[in-house]
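Student: Now for the letters of each chain:
There are 2 protein chains.
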Amino acid sequence: MKRIADSTVRRLSAYLRFLEDFEQRGSLTISSEELAKQGGTTSAQVRKDLSFFGSFGKRGLGYSVPELASQLREILGLGREWRVIIVGAGKIGAALAQYRGFRQRGFTILAAYDINHDKIGRGLEGIPIRDMAELETDIARERPDIAVLTVPGEEAQVVVDRVVEAGIKAILNFAPTQLHAPADVAIKTVNMAMELEGLSFALTNRE
Amino acid sequence: MKRIADSTVRRLSAYLRFLEDFEQRGSLTISSEELAKQGGTTSAQVRKDLSFFGSFGKRGLGYSVPELASQLREILGLGREWRVIIVGAGKIGAALAQYRGFRQRGFTILAAYDINHDKIGRGLEGIPIRDMAELETDIARERPDIAVLTVPGEEAQVVVDRVVEAGIKAILNFAPTQLHAPADVAIKTVNMAMELEGLSFALTNRE
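Chains as they are written, first to last, in this note's numbering: chain P, 10 to 216; chain X, 10 to 216.
Fair warning: there could be bad hints in the mix.
A pair holds if it fits inside one copy or across any two, identical chains being indistinguishable in the list.
Said to hold, decoys possible - DSS-like, lysine-lysine: derived pairs with alpha carbons at most 30 Å apart:
no., residue 1, residue 2
1, K57, K46
2, K178, K128
3, K178, K46
4, K128, K197
5, K197, K46
6, K128, K100
7, K178, K100
8, K57, K100
9, K197, K100
10, K197, K178
11, K46, K128
It should be emphasised that the hints constitute simulated quantities derived from the structure, not laboratory data.
Could you put together the complete structure from these sequences and hints?
Tutor: What follows is the structure in structure tokens.
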């Protein structure tokens, strides 16, 4: 398969959300124009995005809502449970631990890890907080798929090295740092300041 | 100016971060190849991204690090203070309020708003929590530029309508909902489940 851009994957996630809204309202078909309108893009872009993964829909008839939704779930790897650990039991960790959207999508948070002995052994929104010293042993035993990093920037690379060495292949990083990992490890960084910069750009470059 | 894609703006933010790292280490010039390598993209993409905003750099000599950094800051609208309010003083609000990266980039958080009277009047990481009932009066008086929404999904549209009516032109939304606003209002949505879906996609579609 061709290398798919991050922006394409984001749009697929967005399309899936609109399709699920449509499904709930009982709609059976949707046109690429409607999907495009909901996603703030063009119908040509919708067709191009979906064409990466084979042919969907019939010209003039649009897409079958339940069929396209189920195909997108499969493309996005949502047909199974993904096991997640959170490294860093601070405020962002707590916000993520309570986030209901994860479980709805099949992401199960196994545990959070911290070095603070006042936190270890306690719970974070119902998720156990464990000692960072046990990270590697736990990963070897429980085989989580994804590590979410909410540690300070200066500690992030060390944690990446540890989880990668222990076998983790996907990392969601909240530290405002550029991280390095082998090519077979997927890293996504969520940088809140960069999100705000997108808005300052929009405010500055208004028509 | 042409309409610039969100993904381009994200890359500009990323380039600026690498340039600032380079600046700190005393480097004076950088090639598009180096910028591309740091950003996980191609040098052709770097040149294309920068070409939207005029001509930068000299063929064979690369870009001047301090000059390009300062031009990117200007393009991104970072030469000034942006005034931010947080609507919803829950866990995500608290995580954002303590985030040092905002102030470093010129984003000043004025206040957080909530409907919970146990929270109103208290502080959120040093930021005052105010009554949602005062939202419109406060916006009229203090003229914040950006509203960050961390309210539950089912309340998000109502809050969007209120802040837009009060004059806000830029919204960073954490509610997992599609929001509607007039065309002159910039909305960015951060959806944690969508970030994880990018990783489940990567894990599912491995070579």
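Student: Taking 30 Å as the upper bound on the Cα-Cα distance, should K57 and K46 be classified as within, between, both, or neither?
Tutor: both (15 Å within a copy, 27 Å between copies)
Student: Pop the pair K128 and K100 into one bin, within, between, both or neither, using alpha-carbon distances up to 30 Å.
Tutor: both (12 Å within a copy, 17 Å between copies)
Student: Using 30 Å as the alpha carbon limit, work out where K197 and K46 are close: within a copy, between copies, both or neither.
Tutor: both (27 Å within a copy, 16 Å between copies)
Student: Using 30 Å as the alpha carbon limit, work out where K178 and K46 are close: within a copy, between copies, both or neither.
Tutor: between (35 Å within a copy, 21 Å between copies)
Student: When Cα atoms must be at most 30 Å apart, do K46 and K128 count as within-copy, between-copy, both, or neither?
Tutor: neither (46 Å within a copy, 39 Å between copies)
Student: Regarding K178 and K100, is the shortest C-alpha distance of 30 Å or less found within a copy, between copies, in both, or in neither?
Tutor: Answer is both; intra-copy 25 Å and inter-copy 28 Å each pass.
Student: 30 Å Cα cut-off: does K197 pair with K100 within a copy, between copies, both or neither?
Tutor: Cα proximity of K197 and K100: in one copy and across copies (19 Å, 22 Å).
Student: Which holds for K197 with K178 at a C-alpha limit of 30 Å: within a copy, between copies, both or neither?
Tutor: Cα proximity of K197 and K178: in one copy and across copies (12 Å, 28 Å).
Student: Is it within a copy, between copies, both, or neither that the alpha carbon of K128 lies no farther than 30 Å from that of K197?
Tutor: Within. Shortest intra-copy distance 27 Å satisfies the 30 Å Cα cut-off; inter-copy 34 Å does not.
Student: Please sort K57 with K100 into within, between, both or neither, judging by C-alpha distance up to 30 Å.
Tutor: Close neither inside one copy (40 Å) nor across copies (38 Å); limit 30 Å.
Student: Using 30 Å as the alpha carbon limit, work out where K178 and K128 are close: within a copy, between copies, both or neither.
Tutor: Within. Shortest intra-copy distance 27 Å satisfies the 30 Å Cα cut-off; inter-copy 40 Å does not.
Checked against the numbered hints above, the structure violates hints 8 and 11; every other hint is satisfied.
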